[in-house]
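Enquirer: One letter stands for each residue in the lines below.
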Amino acid sequence: MKAPLSWILDYVDLQGLSLEEIGQTLTMIGLEVEEITLVGLEKPQAERLQNKYSGLPWPKDKFVVAEVLEVRQHPNADKLTLCQLNDGTAEIIVLTGAPNLYPYVGKGRLEKPIKVAYVREGAQLYDGHQPGQVLTKLKKATIRGIDSSSMIASEKELGISEEHEGVIFLDDDAPVGMPLADYMGDAVFEVAILPNMARDASVLGIARELSAALGRPLRMPEGLEIRIGGEIEQKVGLQIREPELNPRFMLGLVEQVKAVPSPYWVRRRLALAGMRPIDALVDATNYTMLETGEPLHAFDYDLLCKRAGGKPTIITRRAEDGETLTTLDGANYKLTTETELVSDTKGPLSLAGVMGGEESGISHRTNSVLLEAASWNFINIRKTTSRYRITSEASYRFSRDVHPALAELALSLCLRRMQDWAEGSALEDVIDHYPLKREDTQNTLTESDMERLLGLRIPIEEAKSILERLGFTCELQDGVLSAVTPSNRTDIESGFVGKSNLIEEISRIYGYDRIPTTRLSGELPPQLGDRRVGFEETVRDTLVSIGLQDTLAYRLTSVQREARILPGAPAENGLEYVRIANPISPERTVMRRSGLATMFELIERNDRNVDGLSFFEIGPVFFPVEGQQLPDEPHRLTIGLWGKKRETGWSAEKPGEYGFFDLKGILEALFQGLHHESIVFDPSREIPTFHPGKSARLMAGEIEIGVMGEVHPLVRQNYDFMENPVLAAELYLDQMMALVDKGFKVNSISSFPAMVEDIALIVDDDIPARRVEELIWRAGGKLLKNVALFDLFRGEKIGAGKKSLAYQLTYQAFDRTLSVADAAAIRKKIVKTLAYEIGAVLRDS
Amino acid sequence: MIELETQLQNEQQVALENLQQLESPEALDAWKQTYLGKASLVMTTYGKMGTFSKEERPIIGRAVNAIKLALEAALSEKEVLVKRDALLKTMESERLDVTLPGFPVKRGRMHPVNLSLREIYRIFGDMGFQVYNSPEVETDDMNFTYLNIPPYHPARDMWDTFYTEKEGVVLRTHTSPGQIHAMREYFPNPVRVILPGACMRYEQQDQSHEIEFMQFELLVVDKGITFANLKGTMDDFTKRMFGAGAYTRLRPSHFPFTEPSAELDMSCIFCGGQGCGVCHGTGWIELGGCGMVHPYVLQNGGYDPEIYSGFAAGVGIDRTTLLRYQIDDIRYLRNNDIRFLEQF
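Going down the list, the sequences are from chains A and B. What the first sequence shows, in the working numbering, is residues 1 to 845, in sequence order. What the second sequence shows, in the working numbering, is residues 1001 to 1344, in sequence order.
Errors might be hidden in some of the hints.
What the hints assert, rightly or not - Here are the in silico distance ranges between beta carbons for each label pair:
| hint | chain 1 | residue 1 | chain 2 | residue 2 | range |
| --- | --- | --- | --- | --- | --- |
| 1 | A | Ile703 | B | Arg1339 | 38 to 48 Å |
| 2 | A | Glu393 | B | Lys1223 | 40 to 50 Å |
| 3 | A | Gly511 | B | Gln1204 | 46 to 56 Å |
| 4 | B | Ser1093 | A | Glu647 | 29 to 39 Å |
| 5 | B | Lys1089 | A | Thr817 | 43 to 53 Å |
| 6 | B | Asp1304 | A | Gln24 | 33 to 43 Å |
| 7 | A | Arg438 | B | Lys1166 | 35 to 45 Å |
| 8 | A | Ile390 | B | Gln1204 | 13 to 23 Å |
| 9 | A | Glu162 | B | Arg1339 | 50 to 60 Å |
| 10 | A | Ile390 | B | Arg1324 | 36 to 46 Å |
| 11 | B | Asp1126 | A | Asp791 | 32 to 42 Å |
| 12 | B | Gln1204 | A | Ala90 | 24 to 34 Å |
| 13 | B | Arg1331 | A | Asn100 | 43 to 53 Å |
As the list claims (entries may be wrong) - Computed far set for chain B versus chain A, every beta-carbon distance over 12 Å:
| hint | residue |
| --- | --- |
| 14 | Lys1032 |
| 15 | Lys1054 |
| 16 | Glu1092 |
| 17 | Lys1106 |
| 18 | Asn1114 |
| 19 | Gly1243 |
| 20 | Pro1305 |
As the list claims (entries may be wrong) - Covered stretches of chain A (chain B as the covering partner; in silico rule of three or more C-beta atoms under 8 Å from a C-beta of chain B):
| hint | stretch |
| --- | --- |
| 21 | 29 to 40 |
| 22 | 49 to 58 |
| 23 | 370 to 378 |
| 24 | 399 to 411 |
| 25 | 566 to 574 |
| 26 | 582 to 595 |
Think of the hints as simulated: they come from the structure by calculation, not from any bench. Each residue gets a CB set at the ideal place from its N, CA and C atoms; glycine is no exception.
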């Protein structure tokens, strides 16, 4: 809401307050001032300004009110004129190209001089010929042989509006020679209106809040004195069919109007508030809406008579299915029964509370205006605006619930303005149907109510005074304050919620900064904890400790993006997704199911900038479940490796590139850190994303806890990876968490020396290393403490189809130093078992 | 015999003088050969001991023993010095250019948002808050209706929502639905939880707007919880997170699920509240929204609003992270550019 200071001052006296103080007062009672735009006034001088300022001040020696006495043709240019002008000190010739001065050329000395805004040389103002607001300095120039150093300004040049079609014609009573800033210098407060403060989407509302905060009286504007019924009932009929949707409807009539321009101060205020002035009729409805917060609508009365072929009857009702209406912006709507209409006996006239129809609206030909001031069900208005994707100043307000009482105030004010500004004659008789009367709520409050919620006892008299300044009708008896909500607001409920509502009103005006600051005390809740948080932090710490980089993922993706992890990147992957009904882009239409797709995109995006990457990411994936409203959200750990294992540096020892066994080593380190014993890497050829010979399922007994491997060459083709293999793993954290029991046990350390020996075994190539190692452990017995593979060899020396595995074995006892004979016995048993089970042969023996 | 004694004394004097001059281990070996070797006066004197008279023998024996011990002691003393000198020489030749760069080591790092989150856990953990997680895909009821935002309520405009194709299911726009989940689980006990997590909003992405972001919410419910407690808790948090110099103010605002409601502003940590580009000259930085839990929300959580009261606060973890590290573009956080992540 844009509220010009000059307009606010109509209703509340702000004498002695700077722009800064007014802005801060509003902000600190909940009407956040987003910006103060200077339109003539100076920026306050203070060390620290907490408001944001923009706009153009008008220094008093450079910007003054002047009068044009005569307009003559420029001798060398068709479109330029020379104005004889009096600026209060002297008569000057000023050159201008303003088309609205052109009609006065050749009329000689004007009978009624034209009052204008005159700007002198050296002034800073906005360039009228550039789009937007570009500051420029007014300099002396010679235009077609005539010197020009000053100018008559347009609204655009002064920062009032974007209007640059002509110069401003001030009202006739503007005093010549007066500094323009004194005459009409202003500042516009851009106030953010909270959803529960619909009443403050109006200048009067903002003034009321200031009046309450500052304790200064509110001056209400005065409209036409109106009477219900009478003569007007002969001229127009009214039926409300759905009081639930249309609790109140009022009509007034103004005859013999002229669509003349409004007075300049009205046009200026509208422009400053962000609305384009049109003519006195339209301006009167807009002005009254901005003033009171009640949107009004004006019909061309004669057109309605013509449609009805006599006395028109206004009917508010639901649309019939298939009815159509063209609104005044030219759009055509096919309506449904959900939509509330204002119609006559012939058909729809306007979308109730949203936008008028093209046919029945006022125009420059209008002779008589039928003025509507109504109240609409805000929920229905919201439905209409969202169904037809249409918004207006009216629907903005009606969809926030405008109190029906405002219709009466607004109607009387607008009738008076149409009379004053459009030279019309308003009937004092009005029609008022109010079938669903709004009952204003009533609440009671005590000091202890306030203390319970605020931690502060605000004196009940002070609370009463605050509420009264906000318009509540209050009574105080035996410490109990009773407050009736004023008929301008709809946000105060009753009962225990009403109490909270009142406490908010009192505390925000009283000042949140006056409420004390205390720490929590009291009993702590039972310790439920969240095991997953601790578990995932351990996973994160373990991976970070071995050199991996933590990342953060988007949840939103597309099926196509996820299908890239399959060979050939099919358009669909046949999976069920949580699909977004209103996606913001084709790239983000579903919630992800795969951590791998996220990870590959990360590597793709980064591998140009570095030699190597080792990423991990912890986050949810989303699986729709049949018969379940919400999807499952299991958490995934995804790891991705690519390129060099570390930076090269200048060491002679160059870093290798990540391969399958680096990924496996990382996973083993993780499982060790988590004390997940006995996770098995099961060779798998069926994980489509991975190379069939270089991938595994991670199994904890029968439970799969993840997959890992090198990315399939056909999947690589779907991505713009730099050369070098990409390794990845996706682990199911919830399953992993289930494996961890309460803790683990530490083994004692023997004080007797260990014995270490190497053993190399030749076995068939297709025997998995895991099998060999298992057999060594089984045969080694309890004295075998460690088995570590240190070499793998294939070659002619040992024959085709064979491999040699060399292990370092560690033996140790708790009760004695082992002898050579002990070691030989264990070794013998191991060799014998392996020979028997898998035909292993001791190498070089 | 006198002559031999004199000879030995001379020998000792000469040997010790010579020893002083020596610098290398080889020279020491030669010296040892000369004065303590087989052909040396000392050793040959031992060899001739049988030729001396019974009276001479002890005298000469003592003398030659004394000389031998003196020479040996001098030698080992000298050896230590020579070895040390040799070592110093070797070390001189081993000198490194210590300004050469170290060999690179791969260091793992946490994502900055997770760094902030952990700090937040720590701070609120100290104050007795427990972490409570709830789903990211939520029912409309949990995300809105139970939070006093019925369908078509104007306050729904405050959240640009992603709807799913399933009726009544949305991507949560805030962590607030966790309030209802937590209350229903803790009831009738007091509640003191922190609800962290990702939220999604239909917004055009730019430097300061994301469609996905991390938020945390606080919820405290008990008898006697006040607005003053809210102020105290948020002020303590701000000081611990951003430094003791930071201070806060609460500014009236509106959220359907709190009443009274407030915006939490922090003094600008970049200019100390004097006004700068970051705070748009206002001296204040918006941290989040907060207020006393709305009576309807307490009721929906199972608590009687006439007996219990509570406060709630929601703060952006992304935003907190941007402020902590002076990051000027929120999109950095989820782009995961390694050149960004490596700076932590």
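Enquirer: Which hint numbers doesn't this structure obey?
Expert: 3, 9, 11, 12, 17, 18, 20, 23 and 25
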